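As you go down the protein sequences, you meet chains A and B in turn. Residue numbers for the first sequence follow my numbering, so the first one is 1 and each next one is one higher. Residue numbers for the second sequence follow my numbering, so the first one is 254 and each next one is one higher.
These are calculated hints, taken from the structure and not from any lab test. All clues stand as given, with none of them false.
Cut-off 30 Å, straight-line C-alpha distance, at most; resulting in silico cross-link-like pairs (DSSO-like, lysine-lysine):
#1 A:214 <-> A:145
#2 A:27 <-> A:245
#3 B:268 <-> A:117
#4 B:605 <-> A:145
#5 A:117 <-> A:172
#6 A:117 <-> A:202
#7 A:81 <-> B:402
#8 A:172 <-> A:192
#9 A:214 <-> A:202
#10 B:402 <-> A:117
#11 A:230 <-> A:75
#12 A:172 <-> B:402
#13 B:570 <-> B:298
#14 A:230 <-> A:81
#15 B:605 <-> B:570
#16 B:268 <-> A:145
#17 B:402 <-> A:27
#18 A:172 <-> A:75
#19 A:75 <-> B:402
Remember, predicted model here, so these are calculated numbers, not experimental data.
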Amino acid sequence: MTFDTETAPKDFLLAVEGLTVSFDGFKAVNDLSFYVDENEIRVIIGPNGAGKTTVLDLICGRTRATSGSIRFRGKELTTMKEHQIVHAGVGRKFQNPSIYEDLTVFENLELSFPRGKTVWGSLAFRRDREVIDRVEEIAEMIFLKDHLDTEAAILSHGQKQWLEIGMLLIQKPDLLMLDEPVAGMSVAERVKTAELLNTIIKQHSVIVIEHDMKFVEDIAHRVTVLHQGKVLSEGSMDHVQHDPKVVEVYLGH
Amino acid sequence: MSSTTSAAPRTFFGKDAIAFIVLAALILVVFPVALDIFRLNLVGKYLTYAFVAVGLVLCWGFGGILSLGQGIFFGLGGYCMAMFLKLEASSPENTAIQSTPGIPDFMDWNQVTELPWWWVPFNSFPLALIAILLVPTAFAYVIGAAMFKRRVGGVYFAIITQAVAAILTILIVGQQGYTGGINGMTDLRTLLGWDIRTDSAKLILYFVNAVLLLGVILIALFVKSSKFGRLLIAMRDKEDRVRFSGYDVANFKIFVFCLAAAFSAIGGAMFALQVGFMSPSFVGIVPSIEMVIFCAVGGRLSIFGAVYGALLVNYAKTTFSESFPELWLFAMGGLFIAVVMAFPNGLAGIWKSHVEPLLPRLMKRLRPPAIVSAPTKAPAE
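Taking the hints into account, I'd like the entire structure generated from these sequences.
The structure is reproduced here in structure tokens:
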């Protein structure tokens, strides 16, 4: 924990500085810096190929940074393994629903419950009252209370998205990263998801990638606009919407 | 799960308990009663492959890690046992005619004049038993750690296990003076002075083997019913999601691979005891693929299916190769293709989709008086 006393700006939950990743010379993320406060809802927008998903991949350890640093509560994430980053308190939802199709909704949620994460721990894991209560509580939140015994494969697309969000919530992360949570949803599902996200964001810091501007306007505290791996503009929704550079490359006239 | 309460965990009571009792009755009672000692010994040999098949169900069926090199661990377990038995059979009195008495005959034939240092621990039975479990498991750990930590998986992993199996065979065949070469270790006679070639010894060994197999099945059922079992399925499905749920995926893969290796090793050791010799023909690529076929035919998602698969395919092999020895490999290949194309979940899958739904109806038909008599009585009262 030596980091705490060193250079880390303590006020920030997440400090990304000079982050660069290059794939065979192509810099998908180029000298990127941004900061997320505690309890902030940050929305990342930008045209296709701007590097939005890559930024999330870098934070959660799926992709290794070429240079730069990502500090989460003073801990350097760029050198940590994926599961260590999860234990540090970062949760990630993928763009396409990523759930265990052959398991039931209950089992999907149970596997994400923050206990028994080692080999021996998982062998000794018991499904006690605490686990059951927590799973049921989360299932209620994600509208899947009546589907606990359903095999995840037969859920609708929207329900799968909710399930994955539920799997994140049960981990009790300090920072939630959601990659296009409402993509591919029906109108009714969208409304319910917005409602769900509005409850979630009251208790977590969140980074969201989203294209739905109405949705962004509703939830964002601050918006970061990415373009070609760099920050094009940052600030309130109102600010970025009227930024001529943003209008030029993304929002259109 | 028929129960509606989600709180009920998947335990190994219920359906699995019935399957376990049926299997136990079959191998502990039915076979010994129905078969003569020659046939029973053969069944015992088949059952040693069931150890491997059960390990493959966990590793491949649940975990999605296809190993085409289980012969490595079966072989290492078998060789560890065979080395102990060979040393016991090579007492100075038994080998008095050799130029160097007291060492195994094949060493003497190959001008080896001293027992190599790594043979020495196999003079002790407890150390040999430890080696049977430890050597294959440690080897599996090394392979597993090297591959899974680097995220090598799928087809690449299968090919590498196959390559290791080939290398080990070449090594055993090449180092004739230390391993017995292509002929293997033959003429194994006694275990702690107890002649293992007699009928009574074969009967006892059959039961030891059967009890060990049932023990291994219980361990496998425990693993399957634990959270580890569900994690295996999750890893097969969405490895990344497991990683981003806070699990170090490599450790779980290494563990299940080592467990499957340990199971195989017990099978190999019991094979050497029951058959009375061990040779590289049980180590290499062909036997390793056969082991996968046992598991696939029985059903790679069913622990019990794998046992029946090992029994049936081996029975077919014996019967078939008695009449058409050259054709067996083709028949085996055909069988594998048929399984993959027509019934990917093997015999257990057929049982589950075709036989199990009939059972309740069958039960009803077996108990017609109870059902018929009830309504006819009612109006009379």
